[in-house]
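Read top to bottom, the protein sequences are chains A and B.
With the first letter of the first sequence counted as 1, position 294 gets the number 294 in my numbering; the numbers rise by one all the way through.
One gets my numbering by counting positions in the second sequence from 1 and adding 326 to each.
Read the hints as simulated data drawn from the structure, not as lab findings.
The beta-carbon is built from N, C-alpha and C at its ideal position, and this holds for glycine as well.
None of the hints are false.
Heads up, incomplete: computed chain B residues facing chain A, CB under 8 Å, no partners named:
#1 A404
#2 S416
#3 Q425
#4 A430
#5 A438
#6 P444
#7 L491
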Amino acid sequence: MRRDMTINLVIFGLLVATAIGAHLMGEGFTVTLATKAAIFGLAGVGLNLALGYGGLVSFGHAAFFGIGGYVTGIFASHAASGQPILTLPFTLAGSNEMLGIWPMAMVAAGLAALVIGALSLRTTGVYFIMVTLAFAQMLFYFAISWPRYGGEDGLSFYVRNTFPGLNTFDPIQYFAICATLLGLALLFTAVVTQSRFGLALQAARQNSQRTVAVGIRPYGIRLTAFVLSGMIVGLAGALYADLNRFVSPAMLSWHMSGEIMVFVILGGVGRLCGPVAGAAIFILLEHLLGGVSDYWQALLGLLLLAIVLFAPGGLIGIVTGSRRHA
Amino acid sequence: MHEPILELTGLRKSFGALVATDDVSLTLRPGEIHALIGPNGAGKSTLIRQITGEIRPDQGSIRFEGQVIDGLDAAARARLGLARSFQVSSVIPDFTVLQNVMLAVAGASGNAFGLLRPALSDHRLTEPAAFHIEQAGLSGRAGVKAAELAHGERRKLEIAMALALRPRAFLLDEPMAGMGLEGGRQLTAILSDLRTEAPILLVEHDMDAVFALADRISVLVYGRIIATGTVDEIRANPEVRRSYLGEAA
Numbered sequence: 001m002r003r004d005m006t007i008n009l010v011i012f013g014l015l016v017a018t019a020i021g022a023h024l025m026g027e028g029f030t031v032t033l034a035t036k037a038a039i040f041g042l043a044g045v046g047l048n049l050a051l052g053y054g055g056l057v058s059f060g061h062a063a064f065f066g067i068g069g070y071v072t073g074i075f076a077s078h079a080a081s082g083q084p085i086l087t088l089p090f091t092l093a094g095s096n097e098m099l100g101i102w103p104m105a106m107v108a109a110g111l112a113a114l115v116i117g118a119l120s121l122r123t124t125g126v127y128f129i130m131v132t133l134a135f136a137q138m139l140f141y142f143a144i145s146w147p148r149y150g151g152e153d154g155l156s157f158y159v160r161n162t163f164p165g166l167n168t169f170d171p172i173q174y175f176a177i178c179a180t181l182l183g184l185a186l187l188f189t190a191v192v193t194q195s196r197f198g199l200a201l202q203a204a205r206q207n208s209q210r211t212v213a214v215g216i217r218p219y220g221i222r223l224t225a226f227v228l229s230g231m232i233v234g235l236a237g238a239l240y241a242d243l244n245r246f247v248s249p250a251m252l253s254w255h256m257s258g259e260i261m262v263f264v265i266l267g268g269v270g271r272l273c274g275p276v277a278g279a280a281i282f283i284l285l286e287h288l289l290g291g292v293s294d295y296w297q298a299l300l301g302l303l304l305l306a307i308v309l310f311a312p313g314g315l316i317g318i319v320t321g322s323r324r325h326a
Numbered sequence: 327m328h329e330p331i332l333e334l335t336g337l338r339k340s341f342g343a344l345v346a347t348d349d350v351s352l353t354l355r356p357g358e359i360h361a362l363i364g365p366n367g368a369g370k371s372t373l374i375r376q377i378t379g380e381i382r383p384d385q386g387s388i389r390f391e392g393q394v395i396d397g398l399d400a401a402a403r404a405r406l407g408l409a410r411s412f413q414v415s416s417v418i419p420d421f422t423v424l425q426n427v428m429l430a431v432a433g434a435s436g437n438a439f440g441l442l443r444p445a446l447s448d449h450r451l452t453e454p455a456a457f458h459i460e461q462a463g464l465s466g467r468a469g470v471k472a473a474e475l476a477h478g479e480r481r482k483l484e485i486a487m488a489l490a491l492r493p494r495a496f497l498l499d500e501p502m503a504g505m506g507l508e509g510g511r512q513l514t515a516i517l518s519d520l521r522t523e524a525p526i527l528l529v530e531h532d533m534d535a536v537f538a539l540a541d542r543i544s545v546l547v548y549g550r551i552i553a554t555g556t557v558d559e560i561r562a563n564p565e566v567r568r569s570y571l572g573e574a575a
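Excised from the complex, chain B in its bound form (with noise of 0.2 Å):
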């Protein structure tokens, strides 16, 4: 058994009288697939925000790679090695693709403060940006506006972006959203590569593409997880059926 890359202990976030995340523990193994699931309104993006540090839990901790994070702030979180991709594709619209990458190169080396020389022409920011934009399976696009890319592609760019900070842990919140068919199938292969970068926290509602991808999956209901387990036994766990597979399953 490895140690978890990511390890969340009693975490515990209410807003008033609702509790979104009610005492949820989780880890996330080198080298694995961990989907969360669950209905819409479970909590899985509030989770999400505690994980990046964009709100704080109330209780409970969170470890990555063996070190307590509770202290750090998002963009320290980022730049240990926490990527995310965001549930709605979040980009910066004016740059083109190269300059979202080498954003993202520049955040990752924690030296964005660099006044005077040109970035265009910083190869330090523009080979690991070109790279990641190939990797990504974005070739060819480096000089595309944001703006004016395909939603597929957003999410590729995303993916690009998130390979840029060096990943130790991908955090992705429902990549398959709004993705077509043929779109969705790509995907799941460039998320099936990624697993060899580092582990993947994936929430998704594409139930395909979570069985398909999975090593193992975590069901959360009303901010609690209900079962966690590989993709057979949650499958066949009759709780997860009642409650949120139903006749999906």
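Isolated chain A (complex conformation) (with noise of 0.2 Å):
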């Protein structure tokens, strides 16, 4: 248990030191570099919430990703041309101020997680993973074909968001953002799963009957972690589209939900900053392997299958000697 603690404050640590020295060093680019992987660590910690904890296999994640990512798109993009999102049945204007927009995107991101996951949480196993990655597809091609926020081509905003009192367009200032809302979230994440909440989160993902026989129901537990998870992926959408400042259907295709859940398997399932450190390994093997050869994703591959086959704690399990704590 300490000892978990201490690796997890070993991994925020070394994110946040490489994008500080980065930053003494004027490499800018490496401090963007940190900020996607604390960004990509941020769907992970959500993912985990819901794969980890509660056992539930979601390949529709990306569609949280992504409706964060169209609802900043959006809102930004409104606020550049002045034109109101909704005129009815009640006026709502465009916005660029992140502490408005963060909700926003949580909020939808949120209710799309219950309608799904209300539906989807009636099967499970394979027919689980297949629902859900059917939901988030939906959503993909309804985005491609939804001309009216750039279809297949995405939707630039071309100023990133503001926020009270610091300058976003700093890589450094945006990695603190970022990274003040990974800790924060990490920080939930520790909490609910210590609660009564996350008892029996974890007791209907090891032994569902006998959950029932306590007089706990599994399905409004897994609804709601499903919403939690789905609303904090929704927050991390929301940044990595003002990241780039651009969003686009990738945001919500099914292979965005297999790179998350690549995080959290990397890193460790159901560890707390598992999924940081998947994140973090993935965006420097993209960014060290990408630049040898384009199919640095065959390695990627062959590690996964490593990690799967012999290490099933993932590297977090690796470092601590155990599979899997409760």
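Taking the hints as your guide, dock the two standalone chains into a single complex.
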């Protein structure tokens, strides 16, 4: 337990130290890579709540990532054009305030997770995987065929959204925002998984019949976890859109769902900081190997295979030497 | 004559052509241990699962403390105090003994949604849990992972979890299964004490335990109850001897 805490602090500390070090050496690009790792890590932390702690293998979390991204893009583009997003039933103006956009992104992603979760949680196993995938693909094709916000080409916005008192264009300041939100999400996950709710969620993963026999309905518990998970991933999507100042249907595609899952599996399923380590390794490999060969993902595949076969606890499991903890 | 705690009336359940439960009526009275015996495949587990709400009977009705519970799901029945144990020990393997029992306390309280308060420092969970762990004879094992418990200890853990539900009735599905001689003796003593908490419907193959514990016995054969009575009545019943007890009695 204590050892796990140390590892979590080390992982998070390394990420922050990398960004600060790169900033001091004037390596703006590396700061941006660290920011990307923080954002992907945040998405992984969100998925981990459902997948790791709840045992809900969702192959559709790109839906929430993309929704967060599109909410950000849509608000920003309307802020730039001055046209309201909605006039009926109420007037909703665009915005370029992150503090206003984030709650919108999280609420939108949370609502989508509520609908998708309510339907897909009636299935289990491979059917659950397929149903979540199907919902995400529906949104993907919807985004492609909706010309208003760029369709297949995606939607660019030229100015990064603003945060009071900070210059969000400065890479290290934007990193600080993303890392703070990642830290808060980790804290939230740590608290929630130790609570009554966390106890029930993890019990339902391990033995659903027994959980029912003590008077707890797994469905409501799992749906709550799924919605919280979707909201965190939605926030990550909002940050990712702002990082690139661009959203496209790719954020909603099943590749994205798979990548988020890879962060979790690489780092360690059901480990607090596992997805952060997984995302950082992923970005590092992409950066180092991507320059060597366009086929770097084949090597990533080998690494994943090795992890799944020989170290099911992921990278964190290798360090702590244990497979999983409750 | 007391009102029965649990009353089954005309339960019937079939799977295709197989009638697993055929017009079963039985009662569980306050303070008694009512054993349900019968050969393998007689439909004992199917009957238990209809009482817990895991499967629905095709016909018939179940009353629990005077209330018809046919419309309630398994979780709701558990919260009313219908506590069960499983034929194969069923606990949360990665949880400690304490966490397992805390889960049952949380379930019984009807509040499993506290998101922010750490469960391990919530005395409303830990105190009752510690009490029931001691009651079930697992003192000093609270911090051990359930997966690392010996078979007999896991049985006791199940009993602690059942106790945490503040049970009004126990449904124990073969609690003696797989217990050694000494473990079986210990468990018999624990079950005998449990009766003071709430009446027990006991499904059991171990005839020594059944004859030692039961106030009444019902014999289930091919889904039908062929006899109900005291230990002596059942021992003496010719039909029971022929169809089930055979040379064992």
